[in-house]
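Participant: Here is how the chains run, residue by residue.
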Amino acid sequence: MNLHKLTLKEAIKKLKSKEISHKELYTDVENEIQKKNAELNIYLSLDKEAVSKAEKLLDTPLAGVPIAVKDNFLTKELPTTASSKVLEGFMTPYESTVTERLQKAGGVVIGKTNMDAWAHGSSTETSDFGATKNPRNPKHLPGGSSGGSAAAVAADVCIGALGSETAGSIRQPSSWCGVVGLKPTYGRVPRTGVVAMGSSLDCPGPIGKTVEDTAIVFNAIAGHDKYDSTSADIAPPDLVKNIDKPIKGMKIGMCYLDHPKLKNTKVDEAIQNAGKLFKSLGCSVTHIPLSPQLKNNTILTPDYAISVYTVVQRGEVSSNLARYDGIRFGHDRSFFGAEAKRRIMLGTFTLSKGYADKYYIKAQQVRSLYIANFHQLFQTFDVLISPTSPGFAQELGASEKSPMFGELEDMLLEPSSIAGLPGINVPCYHDTKTNLYLGMNIISDQWQEEKIIRVAHSFEQQTIKE
Amino acid sequence: MQSHISFSNDDVAHIATLANIPVTDEEKTKLAAGFTITMKVVDDLKKADTTSVEPTHQVTALENILREDAVDEKREFSQDEALRNAKQTYKGFFVVDQVIDRE
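Chains as they are written, first to last, in the working numbering: chain B, 1 to 466; chain P, 1 to 103.
If you are wondering where the hints come from, they were derived from the structure by calculation, not from laboratory data.
Just so you know, these numbers come straight off a predicted model, no measurement behind them.
Covered stretches of chain P (in silico footprint by chain B; criterion: 3 or more residues with CB under 8 angstroms from a CB of chain B, positions within the stretch not fixed):
| no. | region |
| --- | --- |
| 1 | 19 to 27 |
| 2 | 88 to 101 |
The list that follows gives simulated cross-link-like pairs (lysine-lysine, BS3-like), each with its CA atoms no further than 30 angstroms apart:
| no. | chain 1 | residue 1 | chain 2 | residue 2 |
| --- | --- | --- | --- | --- |
| 3 | B | 279 | B | 245 |
| 4 | P | 87 | B | 85 |
| 5 | B | 358 | P | 30 |
| 6 | P | 46 | B | 295 |
| 7 | B | 139 | B | 401 |
| 8 | B | 76 | P | 87 |
Ideal Cβ positions, reconstructed from N, Cα and C, are used throughout, including at glycine.
Next comes chain P alone, as it looks inside the complex (with noise of 0.2 angstroms):
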């Protein structure tokens, strides 16, 4: 196995980008090297042998949750309750930024 994985600056914008999160070029710099030191650590788990192990996903063991597709009303918002924590609304619905043809 290859040595443990670092970080450029630009590896760190890629990422940024795929989080949807705001990076300064200080910030960047800073979490380039937090991402590096991490995964150092993280290279560790080589060691476990884990041959012929399945992954465990969840540990409860509940499978397959179903309720009935019904309108449950102690579950409901007004509409006026949904809209009350949004920055912009506008007849009732709320304003999101543009996705398609965005710059």
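Extracted from the complex, chain B is given alone in its bound form (with noise of 0.2 angstroms):
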């Protein structure tokens, strides 16, 4: 019946009007996987009472939908690995506080999905358990870290998909899938129970085959949890409510294009495009140009940001991967990939005396610079966009080729995470001949997921017009 192809939204429709049945959707979803998994390398672990489960939640706003997990979500019913071998066979004795949500909201987590092993990367070539491969073209590479979620929406072996970003890592692997990935602002979803990875950046978030199922998804996940004190105490908005709310008159920023790694690329002329599609819909749509230095009305370079995420997310990866000690769980510090080993020993050094100030405090500074521009710039304009990732999804085994992969992929969506911003990833361009995709990336101001919902909306509704 081809159920697996539904989204989100019409396959809790046409669960609650009882036009198909649990059982019918999880078959299809189910054979699908059967179809798929051994080569694409998708999921890690499979809830075999799936079904059984969701048939109980038809009167819940999820409707029992099957949702895949990214494997850094602790899950009582599930191993938890993180994609490390230090972590291969744990089951925690508690839940993620999202994917508690989740599963309250009538969510079913029907398996865990590969990743870069601890979220190290963008490729999931990391991974302890071997490479996810992209559903769209399988000699390429989903992205990553959730790559293993964007996969899984991407080829139809899920209805929805839960991932985490800490710098790109919902958002890049969307754009590689040619599907909808939706990071919220840091401190919107909690991260409890979320394998800690750089706790002042990461985001659970999800990633779907629509801009109005990440919605959905976000209704259920977002909002204070007092278990995580980083998590903030406002009242997160209903994204479905006003997603067909017209956009006209919202003031667009076009940002990054005059990049020299991106001028006059594909990715470049589609972003252009969607500037125009936007303003056909009756928003302002303005070139901010590229700057050097931090000046009022144009964009900082993202240049510095790789910097800025490099010595970050290092420093904060080498203090959260301390606790693997092979004592209380897990295995000892010899199971550690060469990926962790790079950014543990690479975090230790920048946060070492003699070093700290040089390095540490210095990216801190430089990421209060990126915090003061988008702050100028969102008092003039309602969200900027920009392309998500420099271009297609490359090849298998590029991710080996550079100690730095990861950050020079997700270099456009580095400011923004390191400033906390919301962001979302929707396709804006699809390549027939290669079955690949480039992706937009829309950014708000803090707590302004709304606007950023809209937008991507409106622009989706249109590209599926023509």
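Hints are included, so try docking the two chains, each in its own frame, into the full complex.
Facilitator: Structure representation (structure tokens):
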């Protein structure tokens, strides 16, 4: 019946109206997993009892739809490994707040998805359990670190998915897999029970087949959690309610297209076209020039953000991954893969005596520059748009060529990540020859997810029409 | 400012000790080269003017989030649950490596 192809919104509607049964939906999804998982390596574990759980959830908001969950969310009923051999077979005694909320709202965790080990990377190639392949074109990478979740959505082996982002780990794999990924404001969605990586940056969020699907899941998981002292006690907006409200009159700024890496590329063209489309919808669209220093009405070059992120992330990694000693749970530190070793050790170096001021404090000062820059721009603009990734999904093996592969692929997302801003990836170009996608990143000021959802939804509706 | 930093195998061995990460000689050579490349990129930071700019350590501006000093039963583990994933236990305790008087 091809029910695996349903969007989250359609699946909920059809289940509630009894047009389809849970059994029919899960049979189609599970058949699809059977067909594709061996080749694509998306799921690390699967819940065989998922359908019987789903059948009890018809009267909930999500009606028992199957959701793929990144393997860094602690789940009591399935192992949690963060794709590292250190945690192979680990069964947690408690549930993450996000998966608890998801299940309470009627989502069923159908399986746990592959990722870069400890979420260190943008390829899913650093997983200790093998790389995931891009379902759109299996010679290519899915991106990462939430590559398994983005691939699960693209391959229709789930109805929706959860990922997490530190610099680009929701948006970049969504871009490469041609799906929608919403990274909420830092502090909007609790980190409780998510394997900690960069604690001042980590942010769980949904990946979906449509913008509205991500809004539906956001509504289920957002909001204050007393167990996460960095989660904000601010009531989250209902992102579905105003999703169709016209965006006429919105002020949109276009960023980074004059960066040497993007000038006259396919992605430059795709974003320029998106700008034209927004103009036709009654928005004002302004090109914001790039600047090497902080200056009003310009956008600070993303180049420094690569370095800020590298220093801050590795520093936080060295501290967070110190807990894996193999005593209370997991295996000892000899089980860390090459990428984790590299990041823990570089973080230890940049935080060590004599270097902390030069690197760590300096990076946090430059972080302040990005925050000041966005603060000034959001006094004028409602949202800023840019490419999500500098290009299409790279080929398998690409991440092994540079110790900073992830940082360079995520360079256009790092400024907004270190500033804690929300952002969404929406597909903006499809290459019919390779079947690969380009994505547009839409960001707003802190706590303004409603704006990016409306802009992304309008864009999606228009591009579907075309 | 000095030109960018480079790493020897001995530097890597020192960091590995600080980070408690076992590394082989082959890994040391690879890591040293990788660190040198990465820190060369990071050196770019000095081009950004941060005169009189305060560092940002967190972005939500939350301060002093406290809770009552009371047991939250929802967050309690039984001894069995707490020990379930331990490599080695002894009479209901975790067995840890010796850290004092270690060779």
